[in-house]
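Asker: Chain residues, written in single-letter form:
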Amino acid sequence: MTRRSAPEPVQIVKQRRDAVLRALVEGVPYVQFMGITFERRGDELTGIMPYKDDLIGNPILPALHGGATAAFLEVTAIITLSWAFIWEDMESGALDVSDLSHVHLPRLPKTIDFTVDYLRSGLPRDAYARARINRSGRRYASVHVEGWQDNRERMFAQATGHFVMPQRKG
Amino acid sequence: MTDKLKQANQFIRALPHARALGMELQSLEMGTAIISMPYAERLIGDPKTGVVHGGAVSALMDTACGAAVMSHPSNPAGTATIDLRIEYLRAATPGQTITTEATCYHVTRSVAFVRATAHDENRATPVAMATGTFTVEGRK
Numbered sequence: 000m001t002r003r004s005a006p007e008p009v010q011i012v013k014q015r016r017d018a019v020l021r022a023l024v025e026g027v028p029y030v031q032f033m034g035i036t037f038e039r040r041g042d043e044l045t046g047i048m049p050y051k052d053d054l055i056g057n058p059i060l061p062a063l064h065g066g067a068t069a070a071f072l073e074v075t076a077i078i079t080l081s082w083a084f085i086w087e088d089m090e091s092g093a094l095d096v097s098d099l100s101h102v103h104l105p106r107l108p109k110t111i112d113f114t115v116d117y118l119r120s121g122l123p124r125d126a127y128a129r130a131r132i133n134r135s136g137r138r139y140a141s142v143h144v145e146g147w148q149d150n151r152e153r154m155f156a157q158a159t160g161h162f163v164m165p166q167r168k169g
Numbered sequence: 000m001t002d003k004l005k006q007a008n009q010f011i012r013a014l015p016h017a018r019a020l021g022m023e024l025q026s027l028e029m030g031t032a033i034i035s036m037p038y039a040e041r042l043i044g045d046p047k048t049g050v051v052h053g054g055a056v057s058a059l060m061d062t063a064c065g066a067a068v069m070s071h072p073s074n075p076a077g078t079a080t081i082d083l084r085i086e087y088l089r090a091a092t093p094g095q096t097i098t099t100e101a102t103c104y105h106v107t108r109s110v111a112f113v114r115a116t117a118h119d120e121n122r123a124t125p126v127a128m129a130t131g132t133f134t135v136e137g138r139k
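Sequence lines, in order, name chains B and D.
The first sequence maps to residues 0 to 169 in numbering that gives the first Met the number 0.
The second sequence maps to residues 0 to 139 in numbering that gives the first Met the number 0.
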């Protein structure tokens with residue numbers, strides 16, 4: 000029987016993953032401007048767009064701007080896709096996590112097209128989104144995103160997008 | 000600036016998210032809207048290149064499409080996006096203003112059909128193209 004090396008302490012694993020996610024999200028000025036953050040459970044991400052008055056499109060209703068909703072879903076798709084792309088290299092040690100300036104992170108996926116389906120008007124409340132990668136090949140990826148507010152079962156918008164993946168070195 | 004355009008610009012500035020992104024209405028008549036969005040650091044989506052985030056372009060497209068519907072001669076009292084599809088043809092050149100022209104080309108009793116094109120300062124190839132459908136919320 001061969002002896003396995005001891006598993007990494009959980010705190011080290013968490014610190015590494017959270018630091019990489021933070022570098023990925025905080026490196027993008029537009030994500031900061033929108034106030035979008037991400038919660039992580041293992042490799043699963045949930046995007047959160049806390050309500051602020053700047054996100055309103057129709058002040059009379061009031062309702063979130065359709066563009067803010069589209070942007071939130073697209074940000075969630077790109078970060079989730081990039082996170083899945085980085086995950087393996089991060090866990091194997093191929094990605095140097097000692098220097099997490101954006102220079103060292105892989106390029107972000109590029110959006111080819113993005114289609115948003117507005118199911119009900121966005122309320123002036125926090126919004127949440129989760130993306131599912133339906134296919135991720137060497138060059139292209141197809142991603143579906145669901146957005147909701149108070150009730151997980153009542154989506155206010157969903158979207159599908161196609162992306163060109165960054166090329167791995169070597 | 001004509002009085003009508005001034006009025007329309009006040010309308011755009013009354014939309015908090017459009018104002019936050021720095022959008023400026025250039026023209027609005029008979030179902031066609033032209034809106035520009037000057038380059039700003041807060042709009043950057045790729046920190047390595049300084050290219051504007053697709054989400055900001057989506058917001059510009061959505062605003063222009065909605066404004067085009069509102070300016071259609073059929074005079075809808077209100078509108079909301081049902082569906083919007085955007086194709087990103089190329090990265091917008093960092094530092095350049097992005098301008099969208101949206102046209103509402105057909106309106107039924109309940110649905111408005113819109114197309115839009117976004118350019119940066121190089122007019123040869125669009126940055127993005129969009130097609131959308133919008134609700135028609137009764138007549139004025």
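Since the hints were made in silico from the structure, they are not lab data.
Be aware that a few hints might be false.
[Claimed, not checked] Listed below are the simulated DMTMM-like cross-link pairs for lysine to aspartate or glutamate, each with C-alpha atoms no more than 20 Å apart in a straight line:
1) B:Lys13 / B:Asp98
2) B:Lys13 / B:Asp95
3) B:Lys13 / B:Asp125
4) D:Lys47 / B:Glu25
5) B:Lys109 / D:Asp119
6) B:Lys109 / D:Glu100
7) D:Lys47 / B:Asp95
8) B:Lys109 / D:Glu136
9) D:Lys47 / B:Asp98
Asker: Work down the list of hints and note, for each, if the structure agrees.
Answerer: Hints versus structure:
1. Of the pairs offered as hints, the one joining B:Lys13 and B:Asp98 holds, with about 17 Å between alpha carbons and a cut-off of 20 Å not exceeded.
2. With a C-alpha separation of about 16 Å, the suggested pairing of B:Lys13 with B:Asp95 holds against the 20 Å cut-off.
3. A threshold of 20 Å between alpha carbons decides the hint, and for B:Lys13 with B:Asp125 the separation of about 26 Å lies outside it, so the pair is violated.
4. Proposed proximity of D:Lys47 and B:Glu25 is supported: the alpha carbons are some 13 Å apart, at most 20 Å.
5. A C-alpha spacing of about 18 Å is found between B:Lys109 and D:Asp119, which places the hinted pair at or below 20 Å, so the restraint holds.
6. For the hint linking B:Lys109 to D:Glu100, the alpha-carbon distance of about 23 Å lies beyond 20 Å, and the restraint is violated.
7. Of the supplied pair hints, the one linking D:Lys47 and B:Asp95 holds, its CA atoms being roughly 18 Å apart against a limit of 20 Å.
8. Distance restraint check for B:Lys109 and D:Glu136: the Cα-Cα separation of roughly 36 Å exceeds the 20 Å cut-off, and the hinted pair is therefore not satisfied.
9. The suggested pairing of D:Lys47 with B:Asp98 holds, with an alpha-carbon distance near 16 Å, which does not exceed 20 Å.
In this structure, the hints that do not hold are numbers 3, 6, 8, in rising order.
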